[in-house]
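Enquirer: For reference, the chains in residue letters:
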Amino acid sequence: MSLKDWFANRKKRRLETALVDSRVCDDELHKLWVKCYNCNSSLISKDLDKNLLVCPNCDYHFRINARTRIEQLLDKTSFEEINAKISPADPLDFVDTENYKNRQKKAKKKTGLNDAVITGFGEIDGQKLALAVMDFEYMGGSMGSVVGEKVTRLIEAAIEKKLPILAITSSGGARMQESALSLMQMAKTSCAVAKANEEKILYMTLLTEPTFGGVTASFGTIGDIIIAEQGARIGFAGRRVIEQTIRQKLPSDFQTAEYLMKYGQVDMISHRKELKNTISNIIKIHAKSTKHQKKSKK
Amino acid sequence: MSLKDWFANRKKRRLETALVDSRVCDDELHKLWVKCYNCNSSLISKDLDKNLLVCPNCDYHFRINARTRIEQLLDKTSFEEINAKISPADPLDFVDTENYKNRQKKAKKKTGLNDAVITGFGEIDGQKLALAVMDFEYMGGSMGSVVGEKVTRLIEAAIEKKLPILAITSSGGARMQESALSLMQMAKTSCAVAKANEEKILYMTLLTEPTFGGVTASFGTIGDIIIAEQGARIGFAGRRVIEQTIRQKLPSDFQTAEYLMKYGQVDMISHRKELKNTISNIIKIHAKSTKHQKKSKK
Amino acid sequence: MNKEFTPLEFEKSIYQIEDKIEELKNLSTRTGIDLKEQISTLTKQAIEYKEQLYANLTPTQKLQISRHPKRPTFLDYVELITENFIEMHGDRKGTDDRAIIGGIAEIQGQPVMLIGTQKGKTTKENIKYNFGMPQPEGYRKALRLFYHADKFNMPIVTLIDTPGAYPGIKAEETGQGIAIAENLREMAKLNVPIIAIITGEGCSGGALGLAVANKVFMLEHSYYTVISPEGCASILWRSAEKASDAAQALKITAKDLMKYNIVDGEIKEPLGGAHYDHKLTAKNLSDTIIKSIEELSSKDAKTLKEERYQKFRKMGVFCE
Amino acid sequence: MNKEFTPLEFEKSIYQIEDKIEELKNLSTRTGIDLKEQISTLTKQAIEYKEQLYANLTPTQKLQISRHPKRPTFLDYVELITENFIEMHGDRKGTDDRAIIGGIAEIQGQPVMLIGTQKGKTTKENIKYNFGMPQPEGYRKALRLFYHADKFNMPIVTLIDTPGAYPGIKAEETGQGIAIAENLREMAKLNVPIIAIITGEGCSGGALGLAVANKVFMLEHSYYTVISPEGCASILWRSAEKASDAAQALKITAKDLMKYNIVDGEIKEPLGGAHYDHKLTAKNLSDTIIKSIEELSSKDAKTLKEERYQKFRKMGVFCE
Ligand SMILES: [Zn+2]
Ligand SMILES: [Zn+2]
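Chains as they are written, first to last, in my numbering: chain S, 1 to 298; chain U, 1 to 298; chain X, 1 to 320; chain Z, 1 to 320.
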């Protein structure tokens with residue numbers, strides 16, 4: 001149900017998306033000024049890029065797509081994608097106001113992606129890791145069979161290779177067009193995390209703007225360590241659904257990363273600029289202690 | 001600190017204790033009427049006994065001593081005590097307004113016990129179990145080295161014999177006269193429960209009036225199944241300590257068994273008359289499932 | 001037909017036929033005319049009509065039956081299928097969520113850990129049980145009981161009938177998402193047989209949080225879905241009135257879900273739905289549970305876990 | 001002597017001597033009279049006096065030092081002894097109790113899980129950290145971090161400075177007793193080395209809930225007891241003013257507790273107490289931690305667990 005919010009908020013978001021996307025796609029527009037969604041100040045597009053898409057004025061973290069995230073976080077050219085070709089089917093022949101197949105085509109055209117997640121291996125400060133990065137631009141980052149399958153395969157491959165895993169979420173929830181099949185991806189990915197646990201593979205998650213519904217209630221929040229990106233909104237049920245249920249307005253900081261940390265649900269909040277360093281340190285400390293383990297087993 | 005309450009409430013309690021004790025010790029008085037502490041109705045002492053020391057009028061559960069508890073709960077003559085001779089030392093040469101040795105002597109004279117717990121083996125509906133029963137009459141059921149040692153030995157013996165364990169608590173908390181040594185009994189008994197867990201021995205606790213402080217924060221509340229006797233007061237900190245801290249009065253049902261169940265801390269509340277049957281059923285169901293386990297291992 | 005039920009829309013024709021039969025009977029009694037044959041024919045026709053109707057229910061009609069206020073609840077089943085049910089309250093952390101109830105029991109002499117969502121039948125009960133919508137603390141209680149069952153080698157049986165996990169402020173604050181996710185992950189690690197049965201509404205993550213099982217069954221007129229048809233309609237069709245279309249599109253019935261291997265079997269309900277005969281429904285439930293436990297009990301922990309893993313691992317349809 | 005400290009009662013004589021030395025120095029400067037020798041002698045005497053005083057502190061005096069408002073807190077030690085401390089917030093169930101803080105870090109290059117109780121130095125901080133008195137949720141956060149350390153083979157280090165677990169309504173409702181008891185039990189099951197250090201107040205179950213360790217140390221002027229001397233006095237002597245007697249009777253110092261094998265060692269503090277030299281205190285702490293980890297790391301999980309069990313198993317004195 002949490003998708004509801006994101007659909008409802010579409011207009012505002014479209015504007016923002018358009019601006020951000022335009023900078024990426026179009027060289028002409030690339031020179032343009034961008035307006036900060038939060039503080040309304042006008043920013044030079046290139047400066048914003050250099051600043052990791054964080055407003056230099058008010059620290060507002062613009063939502064970023066999967067490719068940009070990978071570029072920002074990993075050592076240069078270290079990323080190797082896997083299972084890129086897995087793409088969605090339409091097992092239920094789902095038609096609402098538009099049919100699912102069409103929605104897939106549009107999303108692919110808009111994002112250049114086959115579905116809402118990119119998975120693969122890469123390095124952070126020379127340390128190898130397995131990485132899954134969701135992309136909200138592809139149908140609201142919703143999780144269907146493809147997201148579930150790719151995340152699961154990634155975890156299985158990381159177990160095989162004994163690599164730490166980082167899952168970066170950005171999702172409105174489950175892919176309704178796949179109904180129960182999409183629901184089952186929650187179980188599938190969580191079972192894969194269970195395997196990683198049993199093999200003592202470090203499984204980290206990074207929750208970014210926005211993370212809701214089925215992703216929050218599955219692989220997103222069962223990290224050994226959960227990092228939330230500053231300002232990200234994270235929750236199970238959508239704001240509107242809750243407001244309808246309780247018939248009152250919610251506080252403005254409700255379901256922000258900061259709110260979640262106060263309520264003990266995330267290990268830490270990270271500024272985008274600190275992310276790489278933080279993750280690098282976490283991997284380093286765990287690698288060291290695991291090394292000790294291997295030694296002491298001998 | 002929780003002992004404070006019980007000391008503070010002494011006068012009321014003494015009255016009650018005197019009445020109850022008198023029935024047990026003195027044949028003359030045995031014919032007397034007893035006043036219910038709760039509803040004030042006059043009860044024939046023998047009737048009260050027959051009714052398991054529960055007021056037939058208002059269901060108030062009189063506090064009962066360890067011997068009576070064992071009689072009420074176990075199959076007749078099935079109880080075999082162990083470690084009866086372990087008795088307290090005075091390692092700290094503790095003297096407050098009276099010295100610890102004297103307090104021990106008085107408590108022994110009053111109760112006929114060497115310390116605040118009786119341990120041993122017995123049967124419920126023909127099913128063997130290991131049993132520890134605390135006695136509040138011995139220095140407020142406080143836990144010192146003897147209680148810790150006897151409970152630990154019982155658990156170890158039960159593991160050895162693969163028997164289910166039932167610990168019945170009634171305690172104001174730690175035995176201050178043994179200071180850190182008494183504190184360490186919390187760790188010792190809890191470590192023994194950990195061993196029982198690892199050996200998959202069923203460990204049940206029955207919390208009775210009153211259970212506070214160090215016993216609540218150790219072997220009392222880590223039962224695989226926790227039963228609270230109806231009406232029992234159970235808590236970590238004493239009522240007065242909390243009232244002093246927060247500077248306001250507490251609700252009257254605070255820290256009752258019923259209150260604790262509402263707050264998810266005990267599995268169930270049992271009327272004294274239902275206890276034997278409930279425990280018997282719990283043991284039976286677990287014995288059956290463990291049997292299955294043995295079978296399936298073959 | 002039992003008149004204490006408020007008829008659902010599509011049940012009304014049945015009521016009309018049965019009223020007609022009743023009239024004929026009364027007429028016969030009053031006038032002495034022999035109407036046996038007519039009554040018998042009409043009765044047969046009524047049964048045929050019902051059988052046909054209930055074999056061809058639309059998803060929306062099934063939805064209505066699954067939500068019928070007289071449908072048996074978890075505690076009704078406890079009463080009907082268990083001996084010695086001993087409820088284990090609380091999460092040991094401050095809450096005893098009444099929307100999820102669990103405890104140890106014997107079913108046909110077999111020890112089990114039985115856990116389910118509870119709905120009320122009256123307004124008062126519905127408030128008590130929060131309309132069967134668990135808080136995070138309910139899932140944590142269930143997890144505590146899962147671990148208990150795991151330790152003592154008890155098969156776990158969950159009965160699920162929930163419109164979903166509760167969407168509220170406190171639920172968000174205490175981690176509704178985390179609680180469900182941790183259950184999904186931890187259920188994968190359990191060493192005992194797990195059997196999940198959707199008895200009524202099996203709605204979204206709130207249902208799945210008790211359903212990572214070796215065997216998943218659905219009662220004939222229950223439904224299982226990622227989102228309620230109403231919720232789906234109001235998002236995708238932007239109109240809750242399109243719930244019927246959504247119910248159709250979402251493929252929410254047992255028969256649909258068996259096709260995708262999401263559900264292992266359908267448990268037969270009495271003609272007209274579970275609310276017409278609690279006992280018979282419970283009997284079917286109980287037999288399915290015992291049959292499944294017998295089948296799973298011969299497997300060791302490793303096999304049980306691996307089979308459970310593979311079961312969910314295979315779910316999903318995509319192109320490669 | 002650093003004058004920014006408010007002197008404790010027994011420190012006053014030291015301040016007087018030091019004032020006297022200061023006076024002499026000033027006099028010498030003003031008048032040109034050579035007082036070097038007198039000053040040197042007095043300085044020596046002052047040091048001797050201090051050494052004697054601090055070697056023979058009464059339990060009550062130690063109590064005062066252990067509670068000194070300038071005494072280093074957990075976060076001071078984090079700053080001084082760790083590299084890369086990464087705090088891990090929250091119990092994942094609705095609360096991030098600030099009275100207990102924990103996270104992963106390196107100490108002298110050794111990865112550890114470092115957890116401790118936190119006190120404030122100002123009123124505002126004290127409210128934030130609840131005067132170092134954890135709620136049940138703080139113990140549950142610690143337990144989550146214990147499991148994390150266990151999974152990833154990190155030694156656990158706890159630094160304890162608490163007047164006890166918080167006695168409040170909500171704490172009772174969410175299970176203060178259960179939370180502590182579960183920590184005691186679960187710490188017994190951990191497969192990694194555990195080192196606990198009482199750095200200030202080690203009061204009752206609230207301290208023990210982080211201290212079921214393979215090695216237990218105390219800072220020189222810390223105390224460890226089943227009940228605060230004030231609480232004990234008000235119960236047994238029925239007068240909080242007898243706290244001094246209680247402090248004596250309760251045997252709360254490191255040296256006392258080493259006799260009963262409750263504590264494995266005393267960690268030296270700078271002359272005058274930890275608050276006179278945070279860095280030196282931290283250095284001693286860090287060295288003790290690293291030495292202990294080196295000693296324990298060679299042992300396998302089974303040995304670590306069994307030794308921890310036997311350590312506490314043997315505690316207690318009784319007649320048989
Ligand atoms: Zn801005
Ligand atoms: Zn009465």
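Note that these hints are calculated values from the structure, not bench results. Built from N, CA and C at the ideal position, the CB exists for glycine as well. Among the clues, some could well be false.
[Unchecked claim] Straight-line alpha carbon distances no greater than 30 Å define the calculated BS3-like cross-link-like pairs of lysine-lysine that follow:
1) X:242 - S:161
2) Z:170 - Z:121
3) U:195 - S:195
[Said to hold, decoys possible] What the simulated footprint calls covered on chain Z by chain S, stretch by stretch (three residues with Cβ under 8 Å from a Cβ of chain S suffice, anywhere in the stretch; the number is not a length):
4) 99 to 106
5) 135 to 149
6) 171 to 179
7) 259 to 266
[Unchecked claim] Not close to chain Z: a few residues of chain S, all C-beta gaps over 12 Å, as computed:
8) 224
9) 277
10) 278
Enquirer: Hint by hint, note whether the structure agrees.
Expert: Hints versus structure:
Pair hint residue 242 (chain X) plus residue 161 (chain S) does not hold up; C-alpha atoms about 48 Å apart against a cutoff of 30 Å. At roughly 25 Å between alpha-carbon atoms, residue 170 (chain Z) and residue 121 (chain Z) fall within 30 Å of each other, so this suggested pair holds. Only pairs whose Cα atoms come within 30 Å are accepted, and residue 195 (chain U) paired with residue 195 (chain S) is accepted, the gap being roughly 26 Å. Counting residues of the stretch 99 to 106 of chain Z whose CB lies closer than 8 Å to any CB of chain S gives 3, which reaches the minimum of 3, so the coverage claim holds.
Counting residues of the stretch 135 to 149 of chain Z whose CB lies closer than 8 Å to any CB of chain S gives 3, which reaches the minimum of 3, so the coverage claim holds. For a cut-off of 8 Å, the count of residues in the stretch 171 to 179 of chain Z with a CB near a CB of chain S stands at 0, and the three-residue condition is violated. Counting residues of the stretch 259 to 266 of chain Z whose C-beta sits closer than 8 Å to any C-beta of chain S gives 0, which falls short of three, so the coverage hint is violated. The Cβ of residue 224 (chain S) does not lie farther than 12 Å from every Cβ of chain Z; its closest approach is about 6 Å, which violates its non-interface assignment.
Once the 12 Å rule is applied to beta carbons, residue 277 (chain S) is inconsistent with being away from chain Z; the minimum gap is 10 Å. Chain Z draws residue 278 (chain S) into its interface by the beta-carbon criterion, the shortest separation being 7 Å against a cut-off of 12 Å.
In this structure, the earlier hints numbered 1, 6, 7, 8, 9 and 10 are contradicted, and the remaining ones agree with it.
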